[in-house]
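Visitor: Protein chains in written order, with our numbering: chain Z, 1 to 198; chain P, 1001 to 1198.
Don't take every hint at face value.
To be verified - Each computed BS3-like pair below joins lysine-lysine, with the alpha-carbon atoms no more than 30 Å apart:
id : chain 1 : residue 1 : chain 2 : residue 2
1  : Z       : K23       : P       : K1101
2  : Z       : K53       : P       : K1023
3  : Z       : K53       : P       : K1053
4  : Z       : K23       : P       : K1161
5  : Z       : K120      : Z       : K161
6  : P       : K1053     : Z       : K101
7  : P       : K1161     : P       : K1120
8  : P       : K1126     : P       : K1161
9  : Z       : K23       : P       : K1023
10 : Z       : K23       : Z       : K101
Unchecked claim - Computed far set for chain Z versus chain P, every beta-carbon distance over 12 Å:
id : residue
11 : S80
12 : L114
13 : K126
14 : N147
15 : A171
I should point out that these hints are in silico values taken from the structure, not numbers from a laboratory.
Glycine included, C-beta positions come from ideal geometry on N, C-alpha and C.
2 protein chains.
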Amino acid sequence: MKKHASLDGLVEALRRLPGVGPKSAQRMAFHLLQHDRDGLSMLGHACTEALTKIQHCELCNTFTELSVCETCLDAERDTSLLCIVETPADLLMIEQTMTFKGLYFVLMGRLSPLDGVGPKDIHLTKLVQRASNGVVREVVLATNFTNEGEATAHYLGETLKARGLTVTRLARGVPVGGELEYVDAGTLARAMLDRRAT
Amino acid sequence: MKKHASLDGLVEALRRLPGVGPKSAQRMAFHLLQHDRDGLSMLGHACTEALTKIQHCELCNTFTELSVCETCLDAERDTSLLCIVETPADLLMIEQTMTFKGLYFVLMGRLSPLDGVGPKDIHLTKLVQRASNGVVREVVLATNFTNEGEATAHYLGETLKARGLTVTRLARGVPVGGELEYVDAGTLARAMLDRRAT
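The following block holds chain Z by itself, in its conformation from the complex:
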């Protein structure tokens, strides 16, 4: 039970997962070896398969097995609407709401000069080309409402407005089900300023 290359290798590999430390990795490895060898086999195959098959969509950057993803190929989508998100996970969340029938562009990141993430890293040139294809009329900025997400939205908004596009941003306000007493002051202030006629 000392240095065993393949056991240590499995624990090391599991530690690469986000949020998994040495203790959890060991627990996961032992669990798989002892109680779920099928799962271990599945995980091995899934990793290898994902590595070879999954790539980025040529149009929107999201993960896909095709060269252009199914969403981009969907003929029923409104091609005049383009929603900009940071990650494929954000895209999935918006799809779950079933409120958006346009197309997407996934930045695969956000502007973060302190971390050395500049316009090139979020595929700015590709985005501008995509948005200036003459078909897109409105760009919906759906980056996160964090400092970096807001800065990215501002930067992209300015760049795209300069090209004559309509640029919108997801509404900010009190969450559905939210009680005013427990909403933070910043959110409440924004909801007051952005109040709308009913």
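Mind docking chain P on chain Z? Use the hints.
Guide: The following block gives chain P in isolation, referenced to the frame of chain Z:
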């Protein structure tokens, strides 16, 4: 981004890990695909390798790549001492303390009649054979101090004592660094009953 077999497969496989739900599995998959393709490749190989190489030690049941593990083969170990633990993780913890120089027997579980785990599932016959080899003098019961672990220790203790072996149990008491005020009453009671001359 709808049904993609290999992406869904990866998320499904990651969900088999203990403590990983659908959201975490998705986050892990996206993290690996986006930021750590090396990690994805490592994980794939590690799983496949672990699956083919890691087996149970013929003597002590722990995980090993050999037919008999390095601990069991170690000529410097005291073969008259046998420590019984529930899992390979417990074995590693005891090894880390560097206070035990005997050999181990890993039950790979604990008695739990309600879950249908009986003596056969914890390799009782093999344990009795192992402990009755004429060399083992003392058996240290190091199962967990949970209800099931205690029940297992009691059952094994009776069985092994009947074969003339000395049976001991890890000491219970106040943890190192523990303050009496914050120790639970059960532990403190046990520490009082088991008090020893200094």
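Visitor: Now look at each hint and say whether the structure bears it out.
Guide: Taking the hints in turn, this is what the structure says about them:
1. Z:K23 x P:K1101: Holds. K23 (chain Z) to K1101 (chain P) sits at ~24 Å (cutoff 30 Å).
2. Z:K53 x P:K1023: 22 Å, holds
3. Z:K53 x P:K1053: Given that 30 Å is the threshold and the Cα spacing comes to 27 Å, the pair holds.
4. Z:K23 x P:K1161: 35 Å, violated
5. Z:K120 x Z:K161: 19 Å, holds
6. P:K1053 x Z:K101: 50 Å, violated
7. P:K1161 x P:K1120: 19 Å, holds
8. P:K1126 x P:K1161: 16 Å, holds
9. Z:K23 x P:K1023: Distance ~21 Å between K23 (chain Z) and K1023 (chain P) Cα, so the pair holds.
10. Z:K23 x Z:K101: Since the Cα atoms of K23 (chain Z) and K101 (chain Z) sit roughly 44 Å apart, the hinted pair is violated (cutoff 30 Å).
11. S80: S80 (chain Z) is indeed farther than 12 Å from all Cβ atoms of chain P, at 20 Å.
12. L114: 17 Å, holds
13. K126: Non-interface label on K126 (chain Z) holds, nearest chain P Cβ at 16 Å vs cutoff 12 Å.
14. N147: Nearest chain P Cβ is 21 Å from N147 (chain Z), so the label holds.
15. A171: 24 Å, holds
Taken one by one, the earlier hints fail for this structure at numbers 4, 6 and 10, listed in ascending order.
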